[in-house]
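Protein chains in written order, with the working numbering: chain W, 1 to 557; chain S, 1001 to 1217.
I should point out that these hints are in silico values taken from the structure, not numbers from a laboratory. Nothing here was measured: the structure is a model prediction, and the numbers come from that model. Glycine is no exception: its CB is placed at the ideal position from the N, C-alpha and C atoms. Accuracy of the hints is not assured; some may be wrong.
[Stated by the list, open to error] Which stretches of chain W does chain S cover? Using the computed rule of at least three CB atoms under 8 Å from a CB of chain S, they are:
hint : region
1    : 56-70
2    : 252-258
3    : 286-293
4    : 368-377
5    : 500-509
[What the hints assert, rightly or not] Negatives, chain W to chain S, calculated, CB over 10 Å:
hint : residue
6    : SER37
7    : ALA53
8    : VAL242
9    : PRO381
[Claimed, not checked] Residues from chain S that face chain W, not an exhaustive set, calculated with beta carbons under 8 Å:
hint : residue
10   : GLU1037
11   : HIS1044
12   : MET1077
13   : LEU1086
14   : HIS1172
15   : PRO1208
16   : VAL1214
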Amino acid sequence: MTAPVTPVTPVLREMRWWDIDPVLELERDLFPEDAWSRGMFWSELAHARGPGATRRYVVAEDEAGRIVGYAGLASAGDIGDVQTIAVARDHWGTGLGGRLLTELLQAATAFECTEVMLECRVDNVRAQKLYERFGFEPIGFRRGYYQPGNVDAVVMRLSTASDSGSAAGVPSGPAAPAAPSAPLPPLHPLNKEPRSMTDEPLVLGIETSCDETGVGIVRGTTLLADAVASSVDEHARFGGVVPEVASRAHLEAMVPTIDRALKEAGVSAKDLDGIAVTAGPGLAGALLVGVSAAKAYAYALGKPLYGVNHLASHICVDQLEHGALPEPTMALLVSGGHSSLLLSSDITSDVRPMGATIDDAAGEAFDKIARVLNLGFPGGPVIDRYAKEGDPDAIVFPRGLTGPRDPVYDFSFSGLKTAVARWIEARRAAGEEVPVRDVAASFQEAVVDVLTRKAVRACKDEGVDHLMIGGGVAANSRLRALAQERCEAAGIRLRVPRPKLCTDNGAMVAALGAEMVARNRPASSWDLSADSSLPVTDPHVPGHDHVHEVSKENLYS
Amino acid sequence: MLLLALDTATPAVTVALHDGTDVIASSSQVDARRHGELLLPAVHRVLGEAGLTLDAVTRIVVGIGPGPYTGLRVGLMTADTFGLALGVPVHGVCTLDGLAYAADMEGPFVVATDARRKEVYWARYADSRTRVTDPAVARPADIAAQVEGVPAVGAGALLYPDTFPVVHEPEHVSAAALARLAAERLGKGEELPVPRPLYLRRPDAQVPKNYKVVTPK
C-alpha cells in the first residue's frame, strides 16, 4: 500500500453501471431542469462496451472515491457527439472539464470520427469558452432545445480530420445529426434523450411461471421498470412453492403490478409497441394467469402479443445490463427449476441445449439442504450467507457427473444432496454438533465448482469467448466469484446481471419481447396457450395465422 | 350501455354482449381443458358478430364461480385486465346464479356444477332469481337429505342421479344468461359482487412435518 505523495487530482476512469447512482445525484444538482433519467444512463452504458461499442463514458473520482465529474461521447458513423460533460461545483475552475473533454476527443479518435459535434446552452458561456479553446466552432442554433426552460442550444463542431471538406459529408446513420451546413431541424423530440432510445421498441413483459408476479417495461435494451410481487412468504411454511398458492397470488397481484410498472417507467400503455409474456416452461396454472392477462391487455390495447420462453428470457435479460448479447452466447441457467447450459446464436430464434441437470435443479438442491439444516425456505440466500463464514474445503462432497465417462455438460445434484444429508445425519446420530457454516460452504462449493467447470469447458469446446449466467442461483455470491475467477483464467468474458435481474422478473420477458419486435419476429395468436414444458429450443411461440392483423382495429384505429 | 359478459368457471367457455336491452351476440363452447386458448378468440368473434370493437364496451361482468380454479382464473384475469386497459367497471356474478336464471323455474330447486374429486358446487334457490344458501362444495351423498324432493339444474346434478334424480335444463352456464341477469340487477340499482374468485377450497398443501431422513435404518 503506497500513499500518493502529490496532491491527488481526480482520477479519470471508465464509467460503469455502479456509478449511475452518484452520477445521477450530480446530474440532478447540475441540471435540475432537464436531468437525464437513470434509464438514459443505463441505455448509454449499454452501448459502451464490447466489439460494437458506440459510446465512451468516463467519470472523475477524487481521492475519497467521490464522483466529481463525468462525460460521455456517442459515435455514429464518422461523427462523434458529446452527449454530456459535467463537473461538480467544488471542482469548477480546476481544469477538470478540459480533462474530461480531452478524454472524449481521444475516444472520438479511437472511434475514427472525423468530426465531433455538441450542443451547449446559449447562456452557458463558461462551457462555450472551454469548447472554443479546444477548437470547436459555433455552427448554428437549435431553438428551444433545452426543455422545460425553453433555452436554445448553440451547436458547435470540431473537425478532427486533416481534410475538413470530407467531414461535411452526409452522415451515415439515420440517427446521426443533420449535415452542419443545413438549417438545423429540431432533431430531438424527446429533449436531450439519447437519440438511440427513441426508435427502440417499448415493450411490457409479464412473468408468472413460478411464485413471482413480474411486470417489466423496457425500451430496446434499456430497463425502465421492474415491478415484482412475490408470494414466496406464503410458500415458506410449505418448504417449497405450492402451485395453487402461487396461481391465486398471481391473480390478485397482476393488475396492481402492471399499474406499478407503468408508473415506474413513466410511460402510457398506449405507447407500448408490444406485450410479451412467459408462455412456458413453468407451473401450468401459474403461467395461465400471466398468459390470460397478457392476451387481454394486448387485445384491449391493440398491440401485438409475444409468448416467449422463460429460459431464453433469463439469457436475454443481460441485454439490459451489458448491452446487446454477443452472438453466439454461452449461457449457464441455474434456478430452482432449471440447470442448463445453452448456446444461442440468436436469442429470438436459435437456442441450443448443450446440457442440463438429469435430476434436481441446482436451486432445488440449495432448498433441500437448507431444510436438512433447518434454515428455512428459500435455501439459496441463507446458505450463501452461512457459507461466507464457513470453510469450503472443510468437507469434500461429491462432484456429480464429473467422471471421465460422464456426460460432459450435464449436471446431477441429487447424489450430492443425499451425501450432504447423510453426513449431517451421521453427525446428529453421533450426538455431535453440525458445523452449519462449514457444511453450507462445502456444499455450495461442490455445486458451483461443477457448474463453473462445465460452463467454462463448454465455452472452450465451442470457441465461445464469453459466458452469461442467469437464473435465481446466479445471485449466489460464490458462483459469481468462482465463475469470474475461472473465466478470467480461461480468457472468457463473464456477463452476470445484477441479482434482481437474475431471479424471475417481468423485465427479462420484456427484454426478449423487445428483441422479438426489433427483429420482426411474428406475433403470437390470440389462442396462445401456456405450455408448462415449452422446449428451450422454442424461444417464442409464433402465431399460426393472421389473427393478429385485426387486433389493430380494436381500439385505437 | 354495452356489457361484455364472460364465464370460465365450468367446462363452458362462454361470452356474450348485452346492449342494455338484450343480448346482441354470444358464444359458448364446452371444453374443460382449453379455457385459456378459447376465451379471447371467442371475445373477438362475438365483437365481430355485433360489428363492434372492444373499446365500445362500458361494463364487464364475469362469472366468479365457484369452479375449478385454473379455468376460473382465466375469465377473472381476462375481465380484470380488460377493465384496467379500458378503464371500465368490472362486476362479478355467481356462476350458479347464472344457471338458476337460465333455468327460468318457479319454486324451490338446487343448482349443482361439477367440482371434481367426486364433489359438487351447489346452492339452493327459492326461484330463478333468489338464492337462499351460500354457494358450497360437498359430496353429493352428504347433501342428499338437503336436496331431497327438489329438482336440480346443471351438469353437476347429471353426474350424480342418486342424489339428483330430477334434472332440468340447462346443463351449462351461458354468458348470455349472466349478462341478462347482471343487466336486470344493475337496472334495479342492485350492487353486484366484486370480481373475486369463489374457490371454496383451500389449496392442497401439507405443511411438512420434517424432511425425509436419507440414512437407511
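To see whether the hints hold, each was checked on the structure:
{"no.": "1", "hint": "56-70", "in the structure": "violated (count 0)"}
{"no.": "2", "hint": "252-258", "in the structure": "holds (count 3)"}
{"no.": "3", "hint": "286-293", "in the structure": "holds (count 5)"}
{"no.": "4", "hint": "368-377", "in the structure": "holds (count 3)"}
{"no.": "5", "hint": "500-509", "in the structure": "violated (count 0)"}
{"no.": "6", "hint": "SER37", "in the structure": "holds (25 Å)"}
{"no.": "7", "hint": "ALA53", "in the structure": "holds (39 Å)"}
{"no.": "8", "hint": "VAL242", "in the structure": "violated (4 Å)"}
{"no.": "9", "hint": "PRO381", "in the structure": "holds (19 Å)"}
{"no.": "10", "hint": "GLU1037", "in the structure": "holds (4 Å)"}
{"no.": "11", "hint": "HIS1044", "in the structure": "holds (6 Å)"}
{"no.": "12", "hint": "MET1077", "in the structure": "holds (4 Å)"}
{"no.": "13", "hint": "LEU1086", "in the structure": "holds (6 Å)"}
{"no.": "14", "hint": "HIS1172", "in the structure": "violated (21 Å)"}
{"no.": "15", "hint": "PRO1208", "in the structure": "holds (5 Å)"}
{"no.": "16", "hint": "VAL1214", "in the structure": "holds (4 Å)"}
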